[in-house]
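Colleague: Those protein sequences? They're chains L and S, same order as listed.
Under the working numbering, the residue at position 13 of the first sequence is numbered 2, and the numbers go up by one with no gaps.
Under the working numbering, the residue at position 115 of the second sequence is numbered 143, and the numbers go up by one with no gaps.
Don't read these hints as lab results, they were simulated from the structure.
One thing to keep in mind: the hints can contain errors.
Only pairs whose alpha carbons sit at most 25 Å apart, straight line, appear in this in silico DMTMM-like list of lysine to aspartate or glutamate [said to hold, decoys possible]:
#, chain 1, residue 1, chain 2, residue 2
1, L, 189, S, 264
2, L, 202, S, 71
3, L, 202, L, 85
4, S, 286, S, 200
5, S, 267, S, 96
6, L, 180, S, 80
7, L, 189, S, 96
8, S, 179, S, 264
9, L, 189, S, 283
10, S, 286, S, 96
11, L, 212, S, 96
12, L, 334, L, 229
13, L, 334, L, 233
14, L, 189, S, 51
15, L, 212, L, 76
16, S, 226, S, 200
17, S, 234, L, 190
18, S, 227, S, 80
19, S, 227, S, 75
20, L, 334, L, 301
21, S, 227, S, 96
22, L, 334, L, 236
23, L, 212, L, 121
24, L, 180, S, 264
25, S, 226, S, 75
26, L, 180, S, 123
27, L, 189, S, 75
28, L, 212, L, 182
29, L, 334, L, 182
30, L, 202, L, 76
31, L, 202, S, 200
32, L, 189, L, 254
33, S, 286, S, 75
34, L, 189, S, 200
35, S, 224, S, 283
36, L, 202, S, 51
37, S, 227, S, 264
38, L, 334, L, 205
39, S, 179, S, 123
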Amino acid sequence: MARQLMKGNVAIAEAALRAGLEAYFGYPITPQTELLEYLAQRMPELGRVFLQAESEIAAINMVYGAACAGARTMTSSSGPGMSLMQEGLSYIAGSDIPAVVVDVMRGGPGLGNIQPSQSDYFQVTRSAGHGDYHPIVLAPGSVQEAVDLTVLAFDLADHYRHLVILAADGLIGQMMEPCELPPMRPLPSSKPDYALTGAKDRPARRIASLYLKPEDGEAHNRKIQARLAQIRESEQRSVEHFTEDADFLVIGYGSAGRIAYSAVEAARAQGLRAGLFRPISLYPFPDIRLSQLLAQVEGCLVVEMNAGQMLEDVRLAAGHDLPVAFYGRMGGMVPTTEDVLSALKSAYSEFVAESAPVVGKVKG
Amino acid sequence: MSPIPMVPPAMEPVYQHPLALADVHTTYCPGCTHGIAHRLIAEAIDELGLRERAILVAPVGCAVFSYEYFNMDGCEAPHGRAPAMATGIKRCQPDQIVMTYQGDGDLASIGIGEAIHAASRAEPITIIFVNNAIYGMTGGQMAPTTLAGQKTTSSPAGRAIPIPGQPLHISELLAGLPGSAYVVRRSLHDAANIRKAKKAIVTALKVQMAGLGFSLVELLSSCPTNWGMTPPQALDWIKTNMLPIYPVGDYKIVEAAKQL
């Protein structure tokens, strides 16, 4: 299929319906609204379900209902709306059913603003609701990647019967880039075996997250944790550049990872052996590969559009010995390549032994 | 299921366990009217032949386990969100029959937004709204439907109107929305009223089957445990104290529903 110029939010919406989205429920919030608007047009054209809910709380519970009915279902939002969805997300996670949520992240906390940010990293990776679980979280760094990861999000949700969040920062949602869309998939001809379709010729089915006896509650939690262990083992995703001979690593995801790429490229041109590691899956955090890379470098720099959230995951992967520097912008500010390059050079000169200034050193 | 006893050919069973009602012990207190409400729903489902296409959305509250008490597909919603969940189910399967079962804390307090918007959208779902004027499961706190002066654990001196305001009348409120097709209030305090309640549940389900819009049956119910009464005293309390404030009646029946 030919590449076409598309806005991130629209590309995600089109990719979702091509991946088999059967029912969308959402509520307007900047910077994701084009996603809802686009599906308002396209879903009815295809004879599929589109409903603008009265709130994000209702939207996520409509998604919960649609997922119980066995439909491929999705909602989308941004920070304040994601906060309202926490309860529903937790119930979905506690019911072992699949759903996809797109979070086009904006500046926070509170009403914050509508500028791009990555301030929801904690919220989406840690649990996105009460209780012991993590959603699978995917972070695109381009419109094309947003398209590809949207399709992957539905496949992972179905495969694991698990909640998947596409965490796109506002830049990805709002920018226009050429991208190639996936082919239109046919919708499934049958419903999954957990779907509430009416107890015809089979025993009644129940979907709930309620376990009154603590023994049952723990057994259910163990099941979720076993699934998460498998997800951690099988679903770590990342891309890397210039890492082969790197003695310093820059780590960033989404738009920050992309800006960091330009900074690393510029550093290379200046003779610094810097590499870039860009996590694609924020949960599971790609610590298997990151730990290998961190073992070969003398220091690293984490770049985020927040006050340092993934930073904690990098520190866990780095252990006590490796120095970890951080450069972040907050409240909707987007770092420039020059900002990141400057932070990179400063950390590089501090951490990488060979780069220590020779001026002033006395021989012999 | 309980085996249905063999009946000699000349005799006709007049009372048996409804197929739609699961043969399980419930978590309800003795003397509470949830059991009656469940039985009426199950009988209605059986009579209309809906068991194999019905999906029940349970609330948070005493009826939290109600999805276990019916022999049909069911799920359990977050507190107050059953109408939104039911909307998701119904929109994906318009031919199935989708019901919610909600108490007054669930529907009238935390979930009133979802209930109003489901009615406003003329969502073709059926809500069984159990109004016993108190929070049961958490141990007897004041609900939006608690009567003026009624003592609860969170209004120990009695509901003082200047503080939490007047009791909320859900049937009257939802009947005022253009999307509602059938909104009635019935009571479970005596046999005659129970029969009327059953008939209303059947009609509400027929309204959904006919695609006429949103339907709700409010059932005035007792909570002997949290009201601090014996079951008979509690039934009498419905009659004496609740009925004057929450009169039984037909608050909205669209023309097409009158033909059902």
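Colleague: Run the structure past the numbered hints and jot down the numbers of the failing ones, going up.
Modeller: Violated hints: 1, 2, 5, 9, 10, 24, 29, 31, 32, 34, 38, 39; rest satisfied.
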